[in-house]
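Novice: Listed in order, the protein sequences are those of chains A and B.
Sequential numbering of the first sequence, starting at 0, is according to numbering that gives the first Met the number 0.
Sequential numbering of the second sequence, starting at 0, is according to numbering that gives the first Met the number 0.
What the hints contain is simulated information worked out from the structure, not anything from laboratory work.
Heads up, the beta-carbon is just placed ideally off N, CA and C, and yes, glycines get one too.
It is possible that some hints are incorrect.
The following label-pair restraints were derived from C-beta to C-beta distances [claimed, not checked]: (1) B:4 with A:311: 24 to 32 Å; (2) A:125 with B:3: 46 to 54 Å; (3) B:200 with A:91: 32 to 40 Å; (4) B:4 with A:396: 30 to 38 Å; (5) A:91 with B:3: 23 to 31 Å; (6) B:2 with A:343: 50 to 58 Å; (7) B:153 with A:110: 15 to 23 Å; (8) B:3 with A:80: 49 to 57 Å; (9) A:8 with B:306: 50 to 58 Å; (10) B:190 with A:277: 52 to 60 Å.
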Amino acid sequence: MTVNPRACIYFGLMALALMAVGFLQSWSLALTILNLCLISSIMALGLNMQWGYAGLFNVGVMGFAALGGVAAVLVSQPPVAEAWSAGGTDLGLTVLALAAAIAIIVLVRRAMGKGPLRTFVTFVLAIAGYGFVRIFFDPASEAIESVDPSKTGYLGGLGLPIILAWPIGGLIAAGAAWMVGKIALGLRADYLAIATLGISEIVLAMLKHEDWLSRGVKNVTGLSRPVPYEIELQTTDWFLGLTESLGAAPIEASSVFVKICYALLFVAVLGILMWLAEKALHSPWGRMMRAIRDNETSAEAMGKDVTRRHLQIFILGAAVVGLAGAMLVTLDGQFTPGTYNPLRYTFLIWVMVIVGGSGNNWGSVLGGFLIWFVWVEAEPAGLWLMDLATSGLGESSTLRAHLLESAPHMRLFVMGLILLLVLRFSPRGLLPAKTRHQ
Amino acid sequence: MDDILNAIVLLTNFVIVPALAYGAQLALGALGVTIIFGILRFANFAHGDLMAFATMVVILVTWVLQDAGIGIAPLPTALIALPVGILAAIAISLFTDRCVYRFYRQKKSAPVIFVIASIGVMFMMNGIVRVIIGPDDQSFGDGARFLIQVTQFREWTGLKEGLAIKMSQALTLGVAVIAVAALFWFMQRTRAGKAMRAYSDNEDLALLSGVNPDRVVFYAWVIAATLATIAGTLYGLDKSFKPFTYFQLLLPIFAAAIVGGIGQPLGAIVGGFIVAFSEVTITYAYRKFLLYLLPAEWVPDGLVQFLSTDYKFAISFVILVVVLLVRPTGVFRGKVI
């Protein structure tokens, strides 16, 4: 592979910007931004697979990221034995009832011929089945949620190392994407967008309100970590020796060290994904995906199964987003469904992909870095600008106070502006995808 | 007999009246989306934020009027502020069209590019609203709160259940009827309206007949912005104004437009009511209603609620999916995107 000089310049500038934060603000902050840049890049990479390779308009990134996030809880938290004994039997019956209901619907649908009657019968059976499942589910969720609600009130997880949650988060998101894709992928772009937007809202609604699963808006905090804790480091001999030889304060150094550990893990994941993505994109499979994206009809005429390929890439992209979602929750150490917001988790990722260059993996990574950096740094910059702009108003002015207070929201405006400018003046992004005929 | 009347009143109070008001608000929003789709041929993701922007202007003007002591009690002051909001919404819509969408129209870009551009507009509009008025809840309703109060109703009828009709709900229906009547008059009777319908049905044929596309696009934005302002203001008066809630209204509004048949004004109205009635009827707890109608021992123990109110988005979505699978053109045979 040839090295693109433009990419080197952009990534070099990005590194300089992060170092400037390190020197001007603090290294701890620079590393925090770097870690989130890495996660954003992975999310953007996942979306780029769907949009850039295949032209699928997925506006449900938030839903898949949140599903990945819940995996972190379900894998790493210790199981709550009382909750299992209180509601486990009923929950098992719920699963059986659900399976029975689905089986009956499928069998009846097979037995009947196509037509409005079948649709009607399916509809009636679905409602009846829902009522039947609720008979077992309602007592189960109530019993589980009443087990020490202030601390647990949920089933807990598997008690496994949290790093396992990353691939599992990807798998959960992939499973959800399979279901979504089966329903929605036959639709044209705008419908798919609206459908995925709806699904992500439903996923969030479930995570917020199904307390038995992940405590809902009561949040799960104190998740375990794949890296050492600061407090432990500060009492470890080798680490104290290291800080002494470097002449750094142990408390600050420990937080920097932990963030470096995270950064290394994330870089490893991003590296593996990039390697796979680049291999895939430059293989016959990648060429087939681009052919489908650019002209579905002719690809179909060549005997390619467009629907199946779309489903495949939709699942792969969602899995990558889910993986990033699990990594994000791991980094935060808590799962807070109330903080998921489509502007931040869906549309911002879109800005990253478009700005970076749709279809180019390196572009997505650059977009992830750049846009996250701007998103974070727009806040202090906006505050500073607003302070400068309103300094003529005097200290006691209420308008000045209001403008200063609302300055952080300027970043939404800036994001929109960046998106529109790139779309208008450089529609292929900062690092355009290479095509053969150029 | 009393029991049956009580049950009917209960259902009217908690299901029919709120759903009618909500449905009217959704219908107005969906009309805007469907008209933009019919003329400009893209799903406008910025519509919810256009509603938020317009409502914000109405709120600011309302506050000024309230401070000046100007009002039209018992009606809310916001009604006088509405024209200003409409003008502001039209101005910003035409401005975004001039700066953003026109370029892609001239280039004949794919619809998906328009959608991405509308996401950019959505971000910017959202930012402006949050900077000016903040992300929090704002209340701006004043005047009489109720047209009919529960106690009054009980006195009149002697029933156990009461019926309350909020001023905002009555106003919503009244204003929505006027707005829709005016819209249909415009579309059916005026030259410009006929040109719009022709353009929406068959662009080439309309251009061939001498329809001026710039005029058509101009009218589309004027109408969409007007309806968005009315819908946003009525929703804000009825519930409350919060920028994020308006963004989230996008989903039921899209659902209403698609269910009705995209590009079909009548469909958008029907779709709005279908979505609103499904949301309210499915999330209502029927226990008390059943207690009036059935012997007590027949009524189940729980709330008899089909789905908790937390899942109201799920309902719009399920309706959307069912319609897309069963009848992709929507109830009124609209376009298939």
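Novice: If a hint holds in the structure, say so; if it doesn't, say that too.
Specialist: Status of the hints after comparison with the structure:
no.: 1; hint: B:4 with A:311: 24 to 32 Å; in the structure: 59 Å, violated
no.: 2; hint: A:125 with B:3: 46 to 54 Å; in the structure: 30 Å, violated
no.: 3; hint: B:200 with A:91: 32 to 40 Å; in the structure: 57 Å, violated
no.: 4; hint: B:4 with A:396: 30 to 38 Å; in the structure: 60 Å, violated
no.: 5; hint: A:91 with B:3: 23 to 31 Å; in the structure: 42 Å, violated
no.: 6; hint: B:2 with A:343: 50 to 58 Å; in the structure: 51 Å, holds
no.: 7; hint: B:153 with A:110: 15 to 23 Å; in the structure: 54 Å, violated
no.: 8; hint: B:3 with A:80: 49 to 57 Å; in the structure: 51 Å, holds
no.: 9; hint: A:8 with B:306: 50 to 58 Å; in the structure: 54 Å, holds
no.: 10; hint: B:190 with A:277: 52 to 60 Å; in the structure: 58 Å, holds
In terms of the numbered hints stated before, the structure departs from hints 1, 2, 3, 4, 5, 7, listed from lowest to highest.
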